[in-house]
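There are 6 protein chains.
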Amino acid sequence: MERPRHFEDYVVGEVRKTSGRTITETDFVVHAGHTGDFFPHHMDAEFMKSSEFGQRIAHGTMTFAIGIGLTATQINPLAFTYGYERLRFPKPVFIGDTIHTELTIAGLDDDPKRPQYGRVTEEVRVLNQRGETVLACDHIYLAQRRG
Amino acid sequence: MERPRHFEDYVVGEVRKTSGRTITETDFVVHAGHTGDFFPHHMDAEFMKSSEFGQRIAHGTMTFAIGIGLTATQINPLAFTYGYERLRFPKPVFIGDTIHTELTIAGLDDDPKRPQYGRVTEEVRVLNQRGETVLACDHIYLAQRRG
Amino acid sequence: MERPRHFEDYVVGEVRKTSGRTITETDFVVHAGHTGDFFPHHMDAEFMKSSEFGQRIAHGTMTFAIGIGLTATQINPLAFTYGYERLRFPKPVFIGDTIHTELTIAGLDDDPKRPQYGRVTEEVRVLNQRGETVLACDHIYLAQRRG
Amino acid sequence: MERPRHFEDYVVGEVRKTSGRTITETDFVVHAGHTGDFFPHHMDAEFMKSSEFGQRIAHGTMTFAIGIGLTATQINPLAFTYGYERLRFPKPVFIGDTIHTELTIAGLDDDPKRPQYGRVTEEVRVLNQRGETVLACDHIYLAQRRG
Amino acid sequence: MERPRHFEDYVVGEVRKTSGRTITETDFVVHAGHTGDFFPHHMDAEFMKSSEFGQRIAHGTMTFAIGIGLTATQINPLAFTYGYERLRFPKPVFIGDTIHTELTIAGLDDDPKRPQYGRVTEEVRVLNQRGETVLACDHIYLAQRRG
Amino acid sequence: MERPRHFEDYVVGEVRKTSGRTITETDFVVHAGHTGDFFPHHMDAEFMKSSEFGQRIAHGTMTFAIGIGLTATQINPLAFTYGYERLRFPKPVFIGDTIHTELTIAGLDDDPKRPQYGRVTEEVRVLNQRGETVLACDHIYLAQRRG
Chain A
1 MERPRHFEDY
11 VVGEVRKTSG
21 RTITETDFVV
31 HAGHTGDFFP
41 HHMDAEFMKS
51 SEFGQRIAHG
61 TMTFAIGIGL
71 TATQINPLAF
81 TYGYERLRFP
91 KPVFIGDTIH
101 TELTIAGLDD
111 DPKRPQYGRV
121 TEEVRVLNQR
131 GETVLACDHI
141 YLAQRRG
Chain B
1 MERPRHFEDY
11 VVGEVRKTSG
21 RTITETDFVV
31 HAGHTGDFFP
41 HHMDAEFMKS
51 SEFGQRIAHG
61 TMTFAIGIGL
71 TATQINPLAF
81 TYGYERLRFP
91 KPVFIGDTIH
101 TELTIAGLDD
111 DPKRPQYGRV
121 TEEVRVLNQR
131 GETVLACDHI
141 YLAQRRG
Chain C
1 MERPRHFEDY
11 VVGEVRKTSG
21 RTITETDFVV
31 HAGHTGDFFP
41 HHMDAEFMKS
51 SEFGQRIAHG
61 TMTFAIGIGL
71 TATQINPLAF
81 TYGYERLRFP
91 KPVFIGDTIH
101 TELTIAGLDD
111 DPKRPQYGRV
121 TEEVRVLNQR
131 GETVLACDHI
141 YLAQRRG
Chain D
1 MERPRHFEDY
11 VVGEVRKTSG
21 RTITETDFVV
31 HAGHTGDFFP
41 HHMDAEFMKS
51 SEFGQRIAHG
61 TMTFAIGIGL
71 TATQINPLAF
81 TYGYERLRFP
91 KPVFIGDTIH
101 TELTIAGLDD
111 DPKRPQYGRV
121 TEEVRVLNQR
131 GETVLACDHI
141 YLAQRRG
Chain E
1 MERPRHFEDY
11 VVGEVRKTSG
21 RTITETDFVV
31 HAGHTGDFFP
41 HHMDAEFMKS
51 SEFGQRIAHG
61 TMTFAIGIGL
71 TATQINPLAF
81 TYGYERLRFP
91 KPVFIGDTIH
101 TELTIAGLDD
111 DPKRPQYGRV
121 TEEVRVLNQR
131 GETVLACDHI
141 YLAQRRG
Chain F
1 MERPRHFEDY
11 VVGEVRKTSG
21 RTITETDFVV
31 HAGHTGDFFP
41 HHMDAEFMKS
51 SEFGQRIAHG
61 TMTFAIGIGL
71 TATQINPLAF
81 TYGYERLRFP
91 KPVFIGDTIH
101 TELTIAGLDD
111 DPKRPQYGRV
121 TEEVRVLNQR
131 GETVLACDHI
141 YLAQRRG
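Residue numbers (full-length UniProt numbering), protein chains in the order written: chain A, 1 to 147; chain B, 1 to 147; chain C, 1 to 147; chain D, 1 to 147; chain E, 1 to 147; chain F, 1 to 147.
Chain A with its partners taken away, still in its complex shape (with noise of 0.2 Å):
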């Protein structure tokens, strides 16, 4: 759904929490169809049974693009992403977890080369049903300034 928010619409402190989604085997086995990345940490049962997680972890490219995936809800036509920063992965996900994102403003800074625009810094959190996070970074983005 389209909701047009101005850089001056925004507050820092402000949340936004997704709905939350079960990674199964089946997302794995696409992103490895998807990406081309079979490697054996996601895709070889067996190879990882004897390793420090016991079992199959996600490719942390899923993990970012299902978790920036479960918030596209809501579309800000006065805003356009400029990047990420700071992209961590503290916690493996594993077949059968649940996970959403929680979405915070952390900062509104101006853009030096962009007067018309301003510099929006949200926090992105995803985590499990243990409450765990396994992903963490900063989406920047531009937002048209009022006027």
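Don't take each hint at face value.
You can't tell identical chains apart in this list, so a pair holds if it fits in one copy or across any two.
As the list claims (entries may be wrong) - Each computed DSS-like pair below joins lysine-lysine, with the alpha-carbon atoms no more than 25 Å apart:
no.: 1; residue 1: K113; residue 2: K49
no.: 2; residue 1: K91; residue 2: K17
no.: 3; residue 1: K49; residue 2: K91
no.: 4; residue 1: K17; residue 2: K49
no.: 5; residue 1: K17; residue 2: K113
Derived by calculation from the structure, the hints in this document are not laboratory data.
On the provided structure of chain A, position chains B, C, D, E and F as indicated by the hints.
Just chains B, C, D, E and F now, kept in the frame of chain A:
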């Protein structure tokens, strides 16, 4: 293929280039279905006709997932990912573009917390068939020291 | 396989049963990705634990698409679909259920607007491995009269 | 997103429009693979060249599944689906068509068996980029009364 | 559909032709993702422009899997596959080609080890829309003898 | 990765082993959807409970496609496939089995028609986690002679 490399084996300036992959309309549809992000920028050809791009553009998360996936031909069992920095999307990816990834060892540093590991900074560039960079980031990983 | 049949070849009470198909977690994930419907009823195992069902339930549109798909083993080149009536989902479909479809010719009528065709009403029932009906509807199609 | 609405909150004539989605060759192939319906009408471009349509046409079950899927942006936790009526496919959907769905509240009735619920009749229309209706049906659901 | 046939029911020279299927770019991408074979011959349009084919060519394993899949409309519960012989790919399959399969009973032999079965040799030919053979092999299966 | 090798570089007895891959229920569903083969042997868990296998078994074409796909980590630009011989499936593949492929150079012969090429016979064995061979065949390819 496994290619075990210690921290001492990496050399600043070392370059690796992947093979290419044409990004298809199928990839757009698969990525939307995989992540749940059906924003019209990626999925609505009519809507995008009147945009600045004139056509659908790839999800940033797809360029990242496939761009990194292209590099998944060598496993270093002595290393693991720490994270990604400064992820940017300087140019859009369109249906029919052919991308490949270039990796350059850009930094070799001590890791403050793990003396038995060294920190490798690998510059990641995803380029299209016109030689334009469509994604840039730094991949940081930790590689075991020889001992 | 082609099986040409004129309107006069249909007999009220005629029954056709399809082979069975186990509905997998993969089907749930594929259907969500195909349609864009990632509602937690279908995708969030944690959320559904406390629901009346205790687990994820299939999309109604999937039960319909696969239930009808199971019947796609015979093409009658002399007939075409007019529509579906009274589509109902009396019981949920769970991951691991095995469904098949039963078709019964329930009515043969004149078509008010097309004298060279007759209207066939086919009762559609999708059943699970416990013999419970999980989908019911009437499929209406028009078949050419002999001459 | 959750949007709880009691039966009393619905108003006859209320309209909701979804965003658009371009139906791709990929969707045809995915739907055939998902349902097992590989009829030449959907899968054989050579066969369809000489048909009245001149090209492959979408599965009706796909237009239904995607057309309904497009509306899955709002969850009303106080309502559940009763069924669908008068499902029709007035025009074919071709590869490259862009569809969206329009929902109109068309009727608000008592439910004979469940006094604590009311019956909402929602007219569903799926339209292509030329404004032609490609699917029509009524979606009947039951919404809790305020009490 | 089930079609039980004893060894004695097969006749040398008997022919079966499947319906056709257009091989799409989607099939190329799905097959790469399913098998993990992302060789540039199948996935890199730029690389293939300067090849003898001028464009991407299908995986041989895909032509085999889909060519055999097209024949899966009749199940003989009295027979099982022994193997395949002389699998060849005389011509490439390109995106947009429409293929079908032709099966000819070419040999009926005793099975040295299983007196209650006979060995059926079925010539398999997959042809494109220009009538060219793109895959040839012999399918050997064992069918129960009548008595 | 490219690894150019002339006919003279091959040595009888040379062995290559791939990494492993767990065959999932997802792979069964994807393969059925990719090929159109929805036979109950692969798709109907209820039906297979009473079979000699007690559960669903993989499509032979899938074991072939994935077994060969696992070897697609080295491209020899000086060679091309001639065909496959004696393709057999000595044991079934079940959901959850982990397979890998072993390649052994078994023969090096002149090619009667192409003096500038030699014929390489590579024995292909796909094995499961119990060391049982689930697929065997010979892959024949032609490699350029040094000149």
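Results of checking the hints against the structure:
no. : hint          : verdict
1   : K113 with K49 : neither (51 Å within a copy, 28 Å between copies)
2   : K91 with K17  : within (20 Å within a copy, 30 Å between copies)
3   : K49 with K91  : both (18 Å within a copy, 24 Å between copies)
4   : K17 with K49  : between (34 Å within a copy, 20 Å between copies)
5   : K17 with K113 : neither (31 Å within a copy, 33 Å between copies)
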